[in-house]
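Those protein sequence lines, which keep their order, are chains V and B. All residue numbers for the first sequence refer to our numbering, where the first residue is 1 and numbers rise by one. All residue numbers for the second sequence refer to our numbering, where the first residue is 1 and numbers rise by one.
Hints are not guaranteed to be accurate.
Unchecked claim - Below, in silico cross-link-like pairs of lysine-lysine (DSS-like), each with a Cα-Cα straight-line distance of 30 Å or less:
#	chain 1	residue 1	chain 2	residue 2
1	V	K242	V	K2
2	B	K272	V	K2
3	B	K322	B	K245
4	V	K47	B	K272
5	B	K322	V	K483
6	B	K24	V	K483
7	V	K307	V	K2
Claimed, not checked - Partial pick of chain V residues on the chain B-facing surface, computed with a CB cut under 10 Å:
#	residue
8	T14
9	T15
10	F72
11	G80
12	L82
13	V224
14	H433
15	S438
16	D442
17	E454
18	L459
19	V460
20	S467
21	G468
Simulated from the structure, these hints should not be mistaken for laboratory data. It should be emphasised that the depicted structure is a prediction, and the values quoted were computed from it without experimental measurement. C-beta: ideal position from N, C-alpha, C; glycine also.
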Amino acid sequence: MKAFAALYRALDATTSTLAKQAALQQYLQVAEPADAAWAVYFLAGGKPRQLVPTRLLREIARDAAGLPEWLFAESYDAVGDLAETISLLLPPPTEAAHDLGLSEWMVGHLLPLRKMAPEDLPAVLRAQWALLEAPDRLVYFKLITGSFRVGVSRLQVTQALAATAGLDPKQVAQRLIGYTAIGGQPAAADYVRLIAPANEGETDRLTSGHPYPFFLAHPLALPVTQFDAAIGLPSRWQVEWKWDGIRAQLVRRAGDVWVWSRGEELVIDRYPELRDLGGALPDGTVLDGEIVVWRDGRVQPFAELQKRIGRKTIGPKMLRELPVVLLAYDLLEEDGIDLRARPQQERRARLDDLVARTPHAHLVASPLLTGGDWADLAVQREQARSMGVEGMMLKALDAQYGVGRTKDVGTWWKWKIDPLSIDAVLIYAQRGHGRRASLYSDYTFAVWDAPAGEAPRNLVPFAKAYSGLTDAEMARVDAVIRKTTVETFGPVRSVRPTLVFELGFEGIARSSRHKSGIAVRFPRMLRWREDKPVDEADTLQTLAALLPHSDP
Amino acid sequence: MELIVARPEGLYCTAGDFYIDPWKPVGRAVITHAHSDHARVGHGHYLAQTDSEGTLRARLGADIPLQTLAYGEAIVHNGVQISLHPAGHVLGSAQVRLEHGGRVWVASGDYKLENDGTCAPFEPVRCDTFITESTFGLPIYRWPEQPVLFAEIDAWWRSNAAAGKASVLFCYAFGKAQRILYGVDSTIGPIVVHGAVDPLDAVYRAAGVKLPETLKVTDPGVNSALLKTALVLAPPSAQGTPWIKRFGNYSDGFASGWMQLRGTRRRRGVDKGFVMSDHADWPGLQRAIGATGAERVYVTHGSVAVMVRWLAEQGLDARSFKTEYGNEDDEGSPAATPAEANS
């Protein structure tokens, strides 16, 4: 545990990718495989199922610290992280510290907490943290709360493993698929398989339901006049719409069907239509595409899909009213053969053949777009908003299907449309988490309910946003919020309206759940309008004017 | 009538007709210490502790009308007895004790309980009413003891020096920098100070505080070979400036009580955060308040609502004063020091 806690602190202390990589490799080189198995699991994003109910953990820690609930809550608001709050509030250890390995901690002490009777937990937990010195406790509590973010990406973990084992990172990425499944219990043998020499560590792909690592696109933010120079003529590119749905791979192998989201989560239970589709495809097929709600031959707003995401069981009414399709845009495996090294163009031709051979109500090939030149495509892109898509995807015709957000074997670009925007007034602020703990960084924005000149008028909240400002701007906004506070409710402050921001968002729809009657998608701050008086901020009417015409 | 009330200009002594650390220009001001949120320009008359004279004149002007008192020395003004007592915050920092009509009030300005060796250590003063700061008024703030803290700083400096890297430590120029100079193991390597730190070192040395020898970057012999093993003390405002570029591939650290939280550490964007404050931590605040024996406590700048509620639950008559302290050049707010160059 000490070694892993030291690794955590080393990763946490630096912003340098090189230093992080060095710390990871150093740890992996000397760690026992059983400990490394868990370290990789957590660092690559794995989470055990909840070990101790949060409410209970909080109560036990609060009692141990001897604090009233309100003061514990105030402390938590300032810190912004439960594990860190607890580790700062507990009295220092009195016993000599023992050092058990990470795996011993997990298997012998932490995982058994799940099955323990609530009345036994206080004594057991107190005895556990008594074994740990104050600096190691943060990691201990993070293992319990499962909020293990330390600024290391899965790609960095993959690279460190590859470097330690002398393997191609792509191979490690493939082996890591499924490794971080929720509730996983990685053991020494699993870690040994991750770093085994090439060909020894491969599982039998033909019978496992594992997807391929997703290939991700890079943003293309250039004026269209520079496209020719930057990326060449459109004739070298496969152009499609950029769909606003859920990225997924459908795996059809060994008579079974799996559907994986980009987060490597199995989502097939939510989309029974796709199980049916998978059954209709030949064995040894893997499709990459986007799950969207599809009605009357067109994609429906993401909000419609969201209604299905939230449900555990999907009833017949939902299947009827919110039918999904897989908008397929890539074929990664055919007849059990991995096609990823074949050029984009060839994979697409094979995909079109497959779709033609196996017509199915829930399978649509993402249409290809053509244009004489980039200017022509830019004009077509203008329709994106009315079509309910986010822009265009440009895929090099000779691109292989890469691993993650890479460009070494081919490139995908996402060419998104500019966001919709509106000038809104900040009316509530809440303290942030993690890096922004103690700072008022999460804001609620409002627009006027009537045009200027009509008195009285009120500000109606319609969106929350917390990204888009620089650290320096956020510190200034934080200072203004503290000075203009009207009321404080726990971590939230209401402020005198003085701050106007241009908010950007990707989509807009009617919503009965919002006070304003309108919901926006991906709101963020585009800029701080220090030049704009509050009275000149936008109104509900200007906001409503942005609604698509099909959504009166 | 209350002996001290909050006025728009600052905390006001009604019977004595003077202010304590006023933030607007007034006729007579008693100054607890020379940090700029407590000591401002434009007052008609200043009263402060003797050791504050150097910093006050350097910051507010050599010719300010300043009267000084030694710790424990008392004067009477308009029938109010005024004396100053060590606050342990920075050189010359004082708690102001006022006695009038049999009542004793103490306004503590900013204070810290641990003796850091660079200023007179905090002395509890018995009183009926105590005015306390609350900068770190949450139980998450507990400072490491001085030897632990300096062992950490020394270890960082030593390992950087061994790797041939300068150790740039950002700290406030007045108080924190001198405390670091006093506490580090100066045998590890040369110590270089920023131009904003140097004049304050001189004031401390003049007051008899033993500080190790320091260099400025402009001194002869200060070259890249020397800098490879140096500890560099610079104010936070130097982060990301051209001045700092001369240290090449340096490691940087930041010394502040806010470094206790992972979020503020990461926001700072430095390699290492050292938890070092010239304010009292939570246990320190509680101990200091208890030691005064005061039944009534006024809480100023910091976690005011939290402290008032907590003290009331402990059976004290707890109230608050709204002040404008705590956002200048010491550690008033975690957001007061954004890392402009990092994001």
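Against chain B, is G80 of chain V within 10 Å by beta-carbon distance?
holds, 6 Å
Starting from K272 of chain B, check that the Cα of K2 of chain V is at most 30 Å away, please.
holds, 19 Å
Is K322 of chain B within 30 Å of K245 of chain B, Cα to Cα?
violated, 41 Å
Chain B contact restraint on L82 of chain V - CB to CB distance below 10 Å:
L82 of chain V check fails; min Cβ-Cβ to chain B is 12 Å, beyond 10 Å.
At a threshold of 10 Å, is the proposed contact between D442 of chain V and chain B supported by beta-carbon distances?
violated, 13 Å
Have a go at the G468 of chain V hint: is there a Cβ in chain B nearer than 10 Å to its own Cβ?
With Cβ-Cβ at 12 Å, over 10 Å, it is violated.
K242 of chain V and K2 of chain V: Cα distance at most 30 Å?
violated, 46 Å
Holds or violated: the hint that T15 of chain V contacts chain B, with Cβ atoms closer than 10 Å.
Status holds, d = 6 Å.
Tell me if the interface restraint on S467 of chain V is satisfied: Cβ within less than 10 Å of some Cβ in chain B.
violated, 12 Å
Does K322 of chain B pair with K483 of chain V here, judged by a C-alpha cut-off of 30 Å?
holds, 12 Å
Against chain B, run the beta carbon of F72 of chain V and see if the smallest gap drops under 10 Å.
holds, 9 Å
Need the status of pair K24 of chain B, K483 of chain V: alpha-carbon distance at most 30 Å?
holds, 18 Å
In summary, the numbered hints that this structure violates are 1, 3, 7, 12, 13, 16, 17, 18, 19, 20, 21.
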